[in-house]
Amino acid sequence: MSGERFTFTVDGVRVEAEPGQTVIEACDAAGIYIPRLCHHPELPPVGHCRVCTCIIDGRPTSACVMPAAKGMVVENDTPALTAERRTLIEMLFAEGNHFCQFCEASGDCELQALGYLFGMVAPAFPHLWPKRPVDASHPDIYIDHNRCILCSRCVRASRTLDGKAVFGFEGRGIDMHLAVAGGHLDESAIAAADKAVEMCPVGCIVVKRTGYRTPYGRRRYDAAPIGSDITAKRLGAKD
Amino acid sequence: MAKPKLATCALAGCFGCHMSFLDIDERLVELIDLVDLDVSPLDDKKSFTGMVDVGLVEGGCADERHVKVLREFRERSRILVAVGACAISGGVPALRNLAGLDECLRVAYLDGPTVEGGGVIPNDPELPLLLDKVYPVQEFVKIDHFLPGCPPSAETIWAALKALLTGADLNLPYPLFKYE
Amino acid sequence: MLPSEPPAADLPPSPTGGAGAGIAEVVADAVAVAGGARTRLMDIVQAAQQRLGHLSEETMGAIAERLGIPPVEVADMVSFYAFLNRTPKGRYHIRLSRSPVSLLKGAGEVAAAFRQVLGIAMGETSADGDFTLEWTNDIGMADQEPSALINGTVLTQLAPGDAATIVGRLRAHHAPNALPLFPGTGVAGSGLPHAQIRPSLVAPGAVLFREEPPLPGAGIRAALALEPDDVVRQISAARLRGRGGAGFPTGLKWKLCRQSPAEGRYVICNADEGEPGTFKDRVLLSEMPHLMFDGMTIAGYALGAREGVVYLRGEYAYLWDSLHKALRARYAQGLAGKDILGRAGFDFDIRIQLGAGAYICGEESALVESLEGKRGSPRDRPPFPTIRGHLQQPTAVDNVETFACAARILEDGPEAFARLGTAESTGTKLLSVSGDCPRPGVYEVPFGLTVNALLDLVGAPEAAFVQMGGPSGQCVAPKDYGRRIAFEDLPTGGSVMVFAPGRDVLAVVREFADFFAGESCGWCTPCRVGTTLLKDELDKLLSDRATLADIRALEGLAQTIARTSRCGLGQTAPNPILSTMRNLPEAYEARLRPDPFLPWVSLNEALKPAIAIQGREPVPEDQA
Ligand SMILES: Cc1cc2nc3c(=O)[nH]c(=O)nc-3n(C[C@H](O)[C@H](O)[C@H](O)COP(=O)(O)O)c2cc1C
Ligand code: SF4
Ligand code: SF4
Ligand code: SF4
Ligand code: SF4
Ligand code: FES
Chain A
126 MSGERFTFTV DGVRVEAEPG QTVIEACDAA GIYIPRLCHH PELPPVGHCR VCTCIIDGRP
186 TSACVMPAAK GMVVENDTPA LTAERRTLIE MLFAEGNHFC QFCEASGDCE LQALGYLFGM
246 VAPAFPHLWP KRPVDASHPD IYIDHNRCIL CSRCVRASRT LDGKAVFGFE GRGIDMHLAV
306 AGGHLDESAI AAADKAVEMC PVGCIVVKRT GYRTPYGRRR YDAAPIGSDI TAKRLGAKD
Chain B
4 MAKPKLATCA LAGCFGCHMS FLDIDERLVE LIDLVDLDVS PLDDKKSFTG MVDVGLVEGG
64 CADERHVKVL REFRERSRIL VAVGACAISG GVPALRNLAG LDECLRVAYL DGPTVEGGGV
124 IPNDPELPLL LDKVYPVQEF VKIDHFLPGC PPSAETIWAA LKALLTGADL NLPYPLFKYE
Chain C
87 MLPSEPPAAD LPPSPTGGAG AGIAEVVADA VAVAGGARTR LMDIVQAAQQ RLGHLSEETM
147 GAIAERLGIP PVEVADMVSF YAFLNRTPKG RYHIRLSRSP VSLLKGAGEV AAAFRQVLGI
207 AMGETSADGD FTLEWTNDIG MADQEPSALI NGTVLTQLAP GDAATIVGRL RAHHAPNALP
267 LFPGTGVAGS GLPHAQIRPS LVAPGAVLFR EEPPLPGAGI RAALALEPDD VVRQISAARL
327 RGRGGAGFPT GLKWKLCRQS PAEGRYVICN ADEGEPGTFK DRVLLSEMPH LMFDGMTIAG
387 YALGAREGVV YLRGEYAYLW DSLHKALRAR YAQGLAGKDI LGRAGFDFDI RIQLGAGAYI
447 CGEESALVES LEGKRGSPRD RPPFPTIRGH LQQPTAVDNV ETFACAARIL EDGPEAFARL
507 GTAESTGTKL LSVSGDCPRP GVYEVPFGLT VNALLDLVGA PEAAFVQMGG PSGQCVAPKD
567 YGRRIAFEDL PTGGSVMVFA PGRDVLAVVR EFADFFAGES CGWCTPCRVG TTLLKDELDK
627 LLSDRATLAD IRALEGLAQT IARTSRCGLG QTAPNPILST MRNLPEAYEA RLRPDPFLPW
687 VSLNEALKPA IAIQGREPVP EDQA
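Residue numbers (the numbering used here), protein chains in the order written: chain A, 126 to 364; chain B, 4 to 183; chain C, 87 to 710.
Careful: at least some of the hints might be erroneous.
[Stated by the list, open to error] When the alpha-carbon atoms are kept at most 25 Å apart in a straight line, the in silico DMTMM-like pairs for lysine to aspartate or glutamate are as follows:
#, chain 1, residue 1, chain 2, residue 2
1, C, Lys175, C, Asp115
2, C, Lys694, B, Asp66
3, C, Lys694, B, Glu129
4, B, Lys48, B, Asp36
5, C, Lys175, C, Glu144
6, C, Lys694, B, Asp127
7, C, Lys341, C, Glu297
8, B, Lys71, B, Asp127
9, B, Lys145, C, Glu675
10, B, Lys145, C, Glu641
11, C, Lys565, C, Asp575
12, A, Lys289, C, Glu151
13, A, Lys256, C, Asp600
14, A, Lys289, C, Glu144
[To be verified] Here are the simulated distance ranges between beta carbons:
#, chain 1, residue 1, chain 2, residue 2, range
15, C, Glu703, A, Glu167, 58 to 66 Å
16, A, Thr285, C, Met208, 35 to 43 Å
17, A, Arg334, B, Ala157, 43 to 51 Å
18, A, Gly288, C, Gly108, 28 to 36 Å
19, A, Gly336, C, Pro682, 54 to 62 Å
20, C, Ser142, A, Gly288, 26 to 34 Å
21, A, Gly336, C, Glu703, 55 to 63 Å
22, C, Ala207, B, Asp114, 21 to 29 Å
23, B, Lys48, A, Gly336, 36 to 44 Å
24, C, Leu634, A, Gly288, 53 to 61 Å
25, B, Val110, C, Met208, 25 to 33 Å
Think of the hints as simulated: they come from the structure by calculation, not from any bench. The model shown is predicted, which means the values in this text are computed figures rather than measured ones. Yeah, the Cβ is synthetic: ideal placement off N, Cα and C, and Gly gets one too.
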C-alpha cells in the first residue's frame, strides 16, 4: 500500500496504520484485539455482526468496515461496549438453537468464545426457538442451520476464494437464512477442503467424521480467551 | 451459630449436575462442615421446614410439577442458583422445542417408528401435564446466580458454593466458564 | 430517444395468467427486454412474474442461467421483496394497508369482512386459487384509510360492507390480467367500488403547490443560463435541505458528487415513500411530476450526469402510466433526451424503476443496491453514494420533494426560497397529515410552524399525541405542542399522525414495532434479532406482566439496537419506544406491575396445548 503511514489512538494507545487499512486491520497488526465475528482477514468486510462496534470519534461505528484515518480516537475496551457486545452475543444465542453440550465446535467456536469473553451466562430474553433444518445430504459435510449466525463468511469465501457461489442468503429480517445452491449440499459444488467450510466461525458447517477429535482442554479456546493470539503480539513486543 | 442450609432439586435434567456436585469428592467432608443439607434428592428430604440459604436448581421446566417445585424453591431460598445448561437454557430436553409438543407426543406415542400397534398418549391423572415448551428456570422465577456448564464441573460447583456460603464474589476463572 | 419502456409493457397480456407461455420463453423475453443486464434483475423478475404468476425455482434457475449468474443470487434477490412471489398466489392479491391510522379507521373490521367473505385467514390463498388475502404496510393512502391494493389497483375508504361487492365483482371478472400486479397491460380496475383516490392536497403553499399551473422546463431554462457550478451555488444559497427525512444540505451533496472524479454520474429520485403516514410524494408525483423531473434534470446539468432514475415504490405502480405519459411529453418537448432545450451536448435520460415492497429500499444505499437488481440491504458507509453510488459511480439520491424544491429555486431564485421558513430550515415543507383529524391531507407550510398551529389547521387542537416523522420519528405529547416543525427542532420527512384522547399509545408503539421487525433487512444482528425481541418485550408489557426491571431492560435493549445497528432503519426502530418513554411515561406507569419479578409466560398459558391434547386440567393448586 502506498502513502504515508499515520497514527490514531485506541483507548489512549497510539496505533500506526497505513492508508487503506480498516480500524480492525490496523489494530490487529498492532496487537490490539477488537472482538469480532463476521470479519475474517482473508475476506472483504461486510458488517453483519456489529460485535466490533467501537466508539470512533464519538460515534458507535463498526471497526471492521471503517477505514482508519489519521488522528482518529477509538474507544474499544470499555465496560459500556462490553455490555453492548454481550447483548449482541446474547441475541445470536437467542436467535438460533445452540446446544453447546453436544456441538462439534465446542471449544473451537468463536460465538461461544465471545460468550465466555464477555461473561454471558444466559441471554436476558427468551429464546426464539426457530425451526431450522439440518442438511446431511453430502457425503463429507453437513450443515446444522440451528447454529448459523448469518455472518456470511461462507458466502463470501465460496465466491471470492473458492470461486463457487455455493451459498447465499434468502428472506429478510428475522426470517433471513442461509441458502445452499441447488437446495441441498449434495447438489452443490462444495467440497470438504473449501475455504467456505473452514471459515465458518461456529459449528454450522461441519466436516463429517472429524468431530470431537481434540481432547477437552486442548481446543482453541480452552485455556486462553479468544483474541489472546492478537494481544500476544503486543505483549510479546513489549518484552 | 447454626450452619447455613443448602437445598437442591432436579427438574428436567439428567441428574448429571447432581453427579458433578458429588464429584467434589473429599471436599464433601469440608462442605458438611460448612452447611446443613435440607431438601434434596441427596438426603431424600422431601419438604421444607423453613428458609434455606442457598438453593441449587438443576434442569429446566418441562411440566407443571417442575414449575411448582421451582416456585417453592424460590420461596424458600435466600439465594437461588440455576445450575447447568438445562436450568439456564433448557439444555438437551429443550430439543423438543424444535418440534413442538403435539408432534413430540405424536411421534413418541402414536406414529413414530418405535410405536407398535396403535399407541396411546399416556394420560394418567397422576402424570403432571407437560408445558408447551421446555423453559429455562429464569423464565419462571427470579434467579440470583447462574452456573453454566453441562454439567458445571465439580471445581465450578465447589468454587461457587464456597463463594456463596462465605459471602465472597462469584467470579469464575476463565477455564471454569463453560457452556458444555 | 425515448426512455426505456418497462419490460412488462412490451409483453402481450397473457390470456391465461401465464399458463400458456413456457418458462423458457417468458424468461428469454424478459431478459431480452432488459438488454441481458444483470443490473436489471428487478425488471426481469417483475416481467416474469407478470406472466407466470410466480417465480418458481425453475423460473429463477432459468433467469440465472440466461444472465450467467449463480442461482443463489436470484433467489436471494427474489426472496427479499414482499411483492415477489416464490409460490403461487391468488389471481387477485388483496393487500390491506396496515398502520395505526388504518386500524383506527376500521381496517381491522374490513379485514374481518374479507376473511369472512373469502373463508380464509390473513396470509392464505383461497382453495380455488383466485384470492390471496394479506396485510401489507401502509400503502401511502393514510388520509383515506382503510385502503387496499388489489394487484396493482388502489382502493380507498373501504367499509366492511364493501368486501362482498368487491369479491363478487372480481369473481365475475374472468380476464386474469384485468388487474395487473405490475403495470404495463394497461387495464384499469374493473369498475370496482372505491377504486379511486381522493385528491389529497388541502393547503397549497408558497413554493410547490401554487395557484398557477407549473410551467414544465422553467427551472431548466434558468439553470442553463448558468454554469453548472453556479447552479450548485444557487441550491446552496437557498440553503435547501433534503426533504426525505435526514435533512442533509442538498447543495453540499451535489457539490460532493460533482467533485468526485468519475466516468459517469447518476441522479436518482427517491420516490420510495415508505415511511408510514406519508403520502406527500405521491401527491407530487401525481400532480406535479414535471416539477420533479425538472429538478432531476437540473441536477443532471449541475452534476454532469446523463442518466436519472426515479425509484418508485411498488405500491405506487398505479402511477406508472401517468408518469410515463409525462415523460413522453418531455421527450417530445425537448426537456429530456439529447441536447435538452437545444443546448448541444446536454443529454439527460430518465427512466423509472419500480420497487417491489420493501421499506428499506428508501434508504439511499439500499435503494442503489435494489436498483442494481440485488436485495435491498444498505451498504457500509463510507464510501457515500456521492463518491460511489449506482454502478460504483458518484450518485446524488434525493427525495421527490427535494427535486421539486430545486426546480423552484432555479425558477424563483434562491433568495425567495431562503426568505421562507427558519434560519436552518428554509422554504416550505409538505406535511402528510392523517389520523384523528377532520381535515387529513397534504399541507404545504413554511418551516417553523408550531405543532399547535398545525393542529389548529387540521382541526385537531385536542390531540392527545402526535407521531411526527412516522415510526422512525418521535411521539410528541401536548407539553411539546409549542415546538416548531423544523430540522433544528422537530424534524419530519412529512408524516404527521394525529391521535385523539383515548387512543392507546402503547398499542401504536406495538404496531410500529411490528412494522420495523417486518421491514428489517436482516443484514445486521441488532436490527434483525433486536426488532423481534422488542416486539416480545412489548407484548409482555401489554399483557400486564412487566415489572420495573422489564421496562429498564426494554429501554436498554432499545438503546443497544439504536447504537449498534448498521443503518437508519435499525438506528431509528427503537424511537417509538424511546420517545414515548421520554414524552409519555405515564403510559408505561399505567401498565407497570409492582411485583419484583413476573414470568414471561403464565403457567396456564404454557399448559394450554397439553390441556387440549390430554383433555384434563392441571392440579388446581398450580394456578398461575
Ligand atoms: C430506513 C430508511 C428509509 C428511508 N426511506 C426514504 C424514503 O422513502 N424516501 C426518501 O426520500 N428518503 C428515505 N430515506 C432517506 C434516504 O436514505 C436519503 O437520506 C434521502 O433519500 C436523501 O434525499 P434528501 O436529501 O433529498 O432527503 C430513508 C432512510 C432510511 C434509513
Ligand atoms: S455453534 Fe458454538 S455456540 Fe453454537 S452450539 Fe456450537 S459451540 Fe455452542
Ligand atoms: S454457515 Fe457459518 S459461515 Fe456461513 S453464515 Fe452461517 S455461521 Fe456464517
Ligand atoms: S446441564 Fe447437562 S449434566 Fe446438568 S442436568 Fe442438564 S444435561 Fe444433565
Ligand atoms: S439496521 Fe436493519 S435494515 Fe439496516 S442493515 Fe441492519 S438489519 Fe438491515
Ligand atoms: S466484525 Fe465487524 S460487524 Fe462483524
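Structure-based check of each hint:
1. C:Lys175 - C:Asp115: With Cα atoms ~23 Å apart, C:Lys175 and C:Asp115 stay inside 25 Å; holds.
2. C:Lys694 - B:Asp66: holds (12 Å)
3. C:Lys694 - B:Glu129: holds (18 Å)
4. B:Lys48 - B:Asp36: Given that 25 Å is the threshold and the Cα spacing comes to 19 Å, the pair holds.
5. C:Lys175 - C:Glu144: holds (17 Å)
6. C:Lys694 - B:Asp127: Within the cut-off at roughly 17 Å; holds.
7. C:Lys341 - C:Glu297: violated (33 Å)
8. B:Lys71 - B:Asp127: holds (19 Å)
9. B:Lys145 - C:Glu675: holds (22 Å)
10. B:Lys145 - C:Glu641: Answer holds: B:Lys145 to C:Glu641 is near 20 Å, not above 25 Å.
11. C:Lys565 - C:Asp575: holds (14 Å)
12. A:Lys289 - C:Glu151: Given that 25 Å is the threshold and the Cα spacing comes to 15 Å, the pair holds.
13. A:Lys256 - C:Asp600: Satisfied, since the Cα-Cα distance of roughly 21 Å is no more than 25 Å.
14. A:Lys289 - C:Glu144: holds (20 Å)
15. C:Glu703 - A:Glu167: 58 to 66 Å: holds (60 Å)
16. A:Thr285 - C:Met208: 35 to 43 Å: Holds, at about 42 Å.
17. A:Arg334 - B:Ala157: 43 to 51 Å: Violated, at about 32 Å.
18. A:Gly288 - C:Gly108: 28 to 36 Å: For A:Gly288 and C:Gly108 the Cβ distance comes to about 32 Å; the hint holds.
19. A:Gly336 - C:Pro682: 54 to 62 Å: About 44 Å separates the Cβ atoms of A:Gly336 and C:Pro682, which means 54 to 62 Å is violated.
20. C:Ser142 - A:Gly288: 26 to 34 Å: holds (28 Å)
21. A:Gly336 - C:Glu703: 55 to 63 Å: Roughly 45 Å apart at Cβ, these two residues miss the hinted range, so it is violated.
22. C:Ala207 - B:Asp114: 21 to 29 Å: holds (27 Å)
23. B:Lys48 - A:Gly336: 36 to 44 Å: holds (42 Å)
24. C:Leu634 - A:Gly288: 53 to 61 Å: holds (56 Å)
25. B:Val110 - C:Met208: 25 to 33 Å: holds (30 Å)
In this structure, the earlier hints numbered 7, 17, 19, 21 are contradicted, and the remaining ones agree with it.
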